[in-house]
Structures are given as C-alpha cells and as structure tokens.
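Engineer: Each chain is listed here by its residues.
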Amino acid sequence: MDPIVAKYDKKQAALLPVLHAIQEKEGIISQESEKAVADYLGIPVVHVREVISFYHLLRRKPQGKCHFAVCQTTSCALLGGEEMIEYLKQKLGIQPGETTPDGKFSFSVVECLGACEIAPMMQCNEDYVGQLTKEKINEIIKEYQ
Amino acid sequence: MELVTTKRFNTPNSHKLDTYLADGGYGAARKALTTMTPAQVMEEVKKSNLRGLGGAGFPAGMKWGFIPQNNPKPKYLVVNGDEGEPGTFKDKYILEKDPHALLEGIILCCYAVGIHKAYVYIRGEYIQQIRILQGAIEEANQRGFLGKGIMGTGFDLEVVVHRGAGAYICGEESALLESLEGKKGYPRLKPPFPAVVGLFGCPTVINNVETLACVPHVIAKGGEWYAKLGCERNGGNRIFCVSGHVNKPGIYELPLGIPLREMIEQHAGGIRNGNQLKAVIPGGISSAILTAAEVDVKMDFDSLKAAGTMGGSGGVIVMDDTTCMVWTALVAARFFAHESCGQCSPCREGSGWIYRILRRIYHGEGREQDLKNLPGIVGNVGGNTICAFGDAVTMSVGSYVQKFRSEFEYHIREKKCDVKRENYAQTNH
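Going down the list, the protein sequences come from chains A and B.
Using our numbering, the letters of the first sequence map in sequence onto residues 1 to 145.
Using our numbering, the letters of the second sequence map in sequence onto residues 1 to 429.
Fair warning: there could be bad hints in the mix.
[Unchecked claim] Calculated pairs, DSS-like style, for lysine-lysine (alpha carbon to alpha carbon, straight line, at most 27 Å):
#1 A:Lys10 with B:Lys190
#2 B:Lys184 with A:Lys61
#3 A:Lys7 with B:Lys148
#4 A:Lys91 with A:Lys104
#5 A:Lys11 with B:Lys184
#6 B:Lys73 with B:Lys148
#7 B:Lys248 with A:Lys136
#8 A:Lys7 with B:Lys73
#9 B:Lys97 with A:Lys7
#10 B:Lys73 with A:Lys11
#11 B:Lys184 with A:Lys35
#12 A:Lys11 with B:Lys148
#13 B:Lys47 with B:Lys117
#14 A:Lys10 with B:Lys117
#15 B:Lys183 with A:Lys7
#16 A:Lys11 with B:Lys117
#17 B:Lys184 with A:Lys25
#18 A:Lys35 with B:Lys183
#19 B:Lys117 with A:Lys7
#20 A:Lys7 with A:Lys35
#21 B:Lys183 with A:Lys11
#22 A:Lys7 with B:Lys16
#23 B:Lys305 with B:Lys228
#24 B:Lys248 with A:Lys134
#25 A:Lys25 with A:Lys142
#26 B:Lys183 with A:Lys25
#27 A:Lys61 with B:Lys183
#28 A:Lys91 with A:Lys134
#29 A:Lys134 with A:Lys65
[Stated by the list, open to error] Among the chain A residues that face chain B by a calculated CB cut under 7 Å, a handful are:
#30 Lys7
#31 Leu15
#32 His20
#33 Glu50
#34 Val51
#35 Gly114
#36 Glu126
[To be verified] Covered stretches of chain A, going by a simulated chain B footprint (3 or more residues, C-beta under 8 Å):
#37 68-79
#38 115-125
Please keep in mind that the hints were generated in silico from the structure rather than gathered at the bench.
Quick caveat, the model's predicted, so the values are computed rather than measured.
Virtual Cβ for every residue (Gly too), placed ideally from N, Cα, C.
Chain A on its own, in the form it takes in the complex (with noise of 0.2 Å):
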C-alpha cells in the first residue's frame, strides 16, 4: 500500500485506489480487508464499509469471471438496450446482480457508461462492447463457456 499512498497529500485519499488493488488482486474487499486498510490508513473500519457501500464497482460479493454491466439510460433504450437486458436474463437464468451457480457469468444494470455512440453498449469485464445484438452477445457467451 505504501507506493499508493505515497501519491497522496493525505493519508485518507489512498482509499479508493488502495480499494482498487485488493479488489483487482482478491475479486472481493472482504472483512478482513476491510480492516486491515482501516488499520493501515488510520480510519475507522465503519468509513472502509461506507465508502464500499457508496461505490458501485466496489464489492464485497464475488462476481462471475465473466461480468456484463449492461447500459440501460437513454440512448442505449433508445436503441434496444433494454431488450438485450432482458436476453441476457432469459440466456444465462440469472437476474441482475445474480451469479449463474458454475460462477462463470454474472450481470448487472448500470446507468450510463459514457458510449452512447456503440449503443445499446455493455461492459464486459474490462472492455466495452457496442452495437448489441442477441448473436453477439451469444458469442460472447460462448467463448467464456
């Protein structure tokens, strides 16, 4: 954590970036993660959990090793997105903020993703993949099988 706080004029403002890391090396901030940061950055454990709780691509949960976090604002609805919303439910049995029970693919809806020029859009894991039709996202499915 050192070389992340090193950054910062204020001890306090490595949490989310220190958040970041644990979440990025362990998939999850789990409690006792939660406490060691606390403990580390001098804060109380309650403020590590509040700000866990605020942010939403932070966790406590695992998620699937495929995560889709599908756009549903304006010009993605606009465009079908909530019709590739419902697809995915149907294809993977699952609603949002659900795992499937292999663990391979979990989704959530999410408000703007600032790609509204490839709606309908989605995020999956890292990368962001427009235009969505149900053969993509089929595809995509299938590769992660």
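Here the structure of chain A is known, so what remains is to put chain B in place on it, guided by the hints.
Structural biologist: The following block gives chain B in isolation, referenced to the frame of chain A:
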C-alpha cells in the same frame, strides 16, 4: 472549418509522446514557461472566452483568477474526467487519443495559477483510458515534460491519476473532491467555493478534461484567434457527442453556436430510417428536452440558456417519431432516482417519488391526479438541494411533462401508448 481538439485523433499512435512532439506538441507549454509570465497565460485564456466544457460553461480564465494568490496553503488542480452525464463520451476520446494535449493543458493551467500538484479523476469504468493516460504521464516524466524542473525551467509539477469507483454524483465538483479525499461522494455546501476551500481544505481549480485540452491551442495561437472560432462570449469549438436515432452517432467537433438542426442533419447523417425528428436532449440528460420545432437553436451556452435549456456537457441525444415521451421521461427519472446520492431529502425522496408516478402512468395505471401533482413534486426538488442534481431533476423531467403533456394525458386516459414502438417492445421497469 478548422479542427482543433480532435485534429490529431486519426493520427496513428496519436497518444504517444513522440507523435505528439512531431505534431508540435508541448510547444505551447515551452512558449509559456520560457517567454510568458503566469499572468500573461491567464490573460490569454481570459481573452479566448474558453468556457468550462464539463457542463456549467463557466469562463475558464475567470475561474483560475479566483484562486487567492496570498494564501500560504498549497494549491491544487483537480481534473474532472468523471464523465458520467448520459449522452456524453468526449473526454473518453481525449484521454484515449490525445492524452498529452490534456497534460500540456494541465501544465499551462498550473503555471498560470502557481500549482505544483494535479490530480486527474477518471471514472472507474474507463480502465483502458486510465492506462493510456498513466502511460503518457510516465513518458512525460521520463522526458522532462513533467516532474522537477519541467523543460529545463524551474517549474515543478506532479500529476497523479485517480480512478473513481462508479458514482454519477462524483462528476459534481465538490462531490468529486470528497471522493478524492477518500470519502463517499456527497456534494459540499457552497460557499466556500473550491477556489478558496477545495481539496484537503486548500485552494483548488477544478476543470473538465476537454476544457484543459483546449488550453494549449489558446496559448499556441493566441486567445483572440481562439475566441473567433466560436461565437460571442463562447470561444472555440466544442466536441459534441451525438447519439440516439441518428444515422451517424459519434463525436463532432463544431464551433460553439452551430444550429442544432445543422448538427443533426448535416453532420450526424440525419434521422434513421427516414423517420421524422421528435425531440432532442441538447446537453446531457440533465438539460431540458427540445421539441422538433425548437431545433433551430444555436448550440452555445448562452443561446441554449435563453431557450430554457442548457449547453451542459455537449451530449446530444436525438429521438425520432417512434419514441414514447412518457417512456423516455421514465428512463430519465429512473436514472435520477438511481443516482441521487441521498444526502438531501427533496432529491432522495423526490426522485424516487417521480419515478414511481411515471412508472404507473407508463404502465397504464396512472391517475388523473398524477398529472396535477407532478409539476409540484418535480418543481420542489430543484432549488432545495445542496448541489445542482436537484435542479437537473426539475429541468429534465419537468420539460418532458410540460412539452409532451398530451402523451401523458393519453396514457392516463387510454391506459396505453399512442406511438408505434419498434425498438423497445420489452421493458424492465
């Protein structure tokens, strides 16, 4: 017309330092640091009429001038790259295609104001863009364009990239500061303004990515040249993001003041499938919607304000005549209900209440009373909250109800929609 900020976007490897230098990059910073005083740099930016391109449209040079120069505390620049306003995707392109232009703008701002540390806050989903900017900073540090004694002068500047974690409200400048300090993103009461009490309690300039990426051009060619590109009091071009029912969605760098109709018809390829235009959101979801009869408006901050809406973030969302306006109002209301940070009761409770009313109207369960109550509920969010999010709820949702009232009445009376719906047969509200 002359392209400025997007001119390099199609150059191969435009994000690399060597390519940037070959295109004359860091020339403006060298000119400023070696031949101009900080006051002269600020004066040039004031002359350019460069407006804040994140959404508020506040004159950039004037904002820099608000930083007290006799304060013993350190000063900061915080760059707002938390691009989250629905319909907006321009900063993503700048970070990806021309990160050194942003860094050069950062150097110029910091030199003008006397800042030695800048934080660039980028939305957490822009993972690739964060990597590209990080790479650009490393290159610039190694080659002496950032760090100690920039370009052989005595000027020091450290730039740190900070990744957000998924919260729309953090695009609001004081919420962004809270977030950067390691807290949940609750907007702060103003005054004091960030220029006096900002990051870590110190004087802070907060500028949008695009605003800063324009500054090297202002310094290279002069404020007067830049001002002439746009229209009165709105200097330069702006990167408009056009999406929705147009044939060619994408970014379009055009002069401030271009008529909206021209942008849609001549640049974005017109309406898809030969359909008719029905409505346009001109400046991100927070701006008031315009009807097809209103699209001759000029797309600068002042003209849009006079038309009862705003220039906002430059996110232009176009809707054709297959669009149900009760449904689009519902989509907007759902966004606001989802993204309200929860700090102020009128916004937290109001946005959810509005969403529930619109949902029942849309699903054919609306009551006569709903349409009577809506204006009051919508109107009582704006002006009663700490930040401008509440005003956005009022402006945005209020405009759908006011301008397309007959569709809401039809939904309540007939319990169904009167527009043919092609692309959104399914709905998951």
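Engineer: Could you work out which of the previously given hints the structure breaks and list their numbers from low to high?
Structural biologist: Those not satisfied: there are none.
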